[in-house]
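**Q** Make the full structure from the sequences, and use the hints.
Residue numbers (mature numbering (1 follows the signal peptide of the UniProt record, and there is no 0)): -25 to -1, 1 to 379.
Keep in mind the hints are simulated off the structure, nothing from the lab. One should not assume that every hint holds.
Straight-line distance between alpha carbons at most 20 Å, and here's what the computed PhoX-like set of lysine-lysine pairs gives [what the hints assert, rightly or not]: (1) K374 - K266; (2) K218 - K25; (3) K374 - K360; (4) K167 - K135; (5) K298 - K25; (6) K175 - K141; (7) K306 - K322; (8) K374 - K141; (9) K218 - K360; (10) K226 - K195; (11) K135 - K114; (12) K278 - K25; (13) K322 - K114; (14) K226 - K25; (15) K277 - K266; (16) K195 - K218; (17) K135 - K175; (18) K306 - K278; (19) K374 - K135.
Bear in mind that the values here come from a model prediction, so they are computed numbers and not experimental data.
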Amino acid sequence: MRLRHCLYAGLALAASTLLIHETQAQEAIRVPMMTPLTGSIAVLGQDSKKAAEVAQETINAAGGIGGRPLQLEIVDTQGRPEIARREMERLTREGRAPVVLACDISAGTSGAAQYAESAQVPLLNGSAVSADILARGYKWYFSHQMSSDDEAATAFAYMKTATGTKPLADRRIALLYEDSPRGAGTGERLRKLMDANGVKVVSETTYNRADRNLLPVMRKVQDSTPELVVWIGYTEDVVAGMKAARQLDFKPYVLGIGGGMGDPRLPELVDPAIIEQLHVANVDYFNPDIKRAAAFREAYLKKFGAEPSSYAGTCYAAIFTLKAALESALKASPDLTTTSMRDAFRKLDIPGDQTVTSFRSIRFDPANGRNLGAEDLVAAWVDGKRKVTVFPPSIAVGKPVMLP
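**A** Given below as structure tokens:
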């Protein structure tokens, strides 16, 4: 009788253990994703949300992560640092999230990163460019995205390529950027890089990204008579500025930096003739015509009927970096913790051809969380209607836009 009881107890324990393991295998891995769904830069968050939907469907259709489905829980930050910090605190204290993904602007990400460091919770940055966050030496911040330094270096390298037979030092170049940490950070780094190489700017003009009357700003830039304007901005302010340039009959060559000048909706928001008149090329995080982005582009087009933007591309890529870290952490232990996720990020070394970006690799600097393999690309608008990757040569589909 005692033997039979022990046998039943053993079978019950085995069944219970099996059920627990099966439940763990089926239980979704929930990861909060912070992005600005509302507010002045909601377009970034809406595109990031769409990318998250495609990434989540793709990952789960392929078996999920360790047999468990991924569930990204979208949190609206409005791009504001105080909201991002508050949400980060709520997610880590109440939700006990072992990792948080941010597809947000630099201002919002900065607020989240500050709290993540004090709470010792890994924060994966998928969109913010500001190198100032990296300069703080955070140990719980991991930036999949390139930095302001990367953008400035790529812009300068491309300008040297596009200057033709006339030396860059003899060109009249103006800098124009919005005054947030994102715009100012890249603009100031580019100016210092130009100064160090004997290339002077004829004007350096800033504006607030919330300003939709950029006529006085563009007139000031026009008065400096530049051949090339390097313009760092978001979609809304770029559209306002391009319309002002047309009103002024101002037609310099333009090298944009960031998602604004590279937004695939640009030909719908301004007359394509303006884009063509300005000979726009753009230093960007992503362009859907590169070969490694083909599958993502096809899935995004099928689901939303539109080309993925830079915001969508960089967030999508970051989600797959998150996936790799989650898989690594789960191999070490079935219980995801903040420490196991931090250690997993530190160990990552993903070849560039396994991403949808122009990156050489994804590998984080232990000193500050910077992606050591990050690299921008340059895409040029053709006929004011479509973008073609023209730089670097290793992934170029077309030729650079040469200055006259």
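**Q** Are the hints correct? Go through all of them and say.
**A** How the hints compare with the structure:
1. K374 - K266: This hinted pair holds, its Cα atoms lying about 16 Å apart.
2. K218 - K25: Violated: K218 and K25 sit about 28 Å apart, past 20 Å.
3. K374 - K360: 16 Å, holds
4. K167 - K135: 16 Å, holds
5. K298 - K25: 17 Å, holds
6. K175 - K141: The hint holds at about 15 Å.
7. K306 - K322: 13 Å, holds
8. K374 - K141: 18 Å, holds
9. K218 - K360: With a Cα-Cα distance of about 16 Å, the restraint between K218 and K360 holds, given a limit of 20 Å.
10. K226 - K195: 14 Å, holds
11. K135 - K114: 36 Å, violated
12. K278 - K25: 9 Å, holds
13. K322 - K114: Satisfied, since the Cα-Cα distance of roughly 14 Å is no more than 20 Å.
14. K226 - K25: This hinted pair is violated, its Cα atoms lying about 35 Å apart.
15. K277 - K266: OK: K277 and K266 at ~18 Å, within 20 Å.
16. K195 - K218: 15 Å, holds
17. K135 - K175: Given that 20 Å is the threshold and the Cα spacing comes to 14 Å, the pair holds.
18. K306 - K278: 33 Å, violated
19. K374 - K135: With a Cα-Cα distance of about 14 Å, the restraint between K374 and K135 holds, given a limit of 20 Å.
In this structure, the earlier hints numbered 2, 11, 14 and 18 are contradicted, and the remaining ones agree with it.
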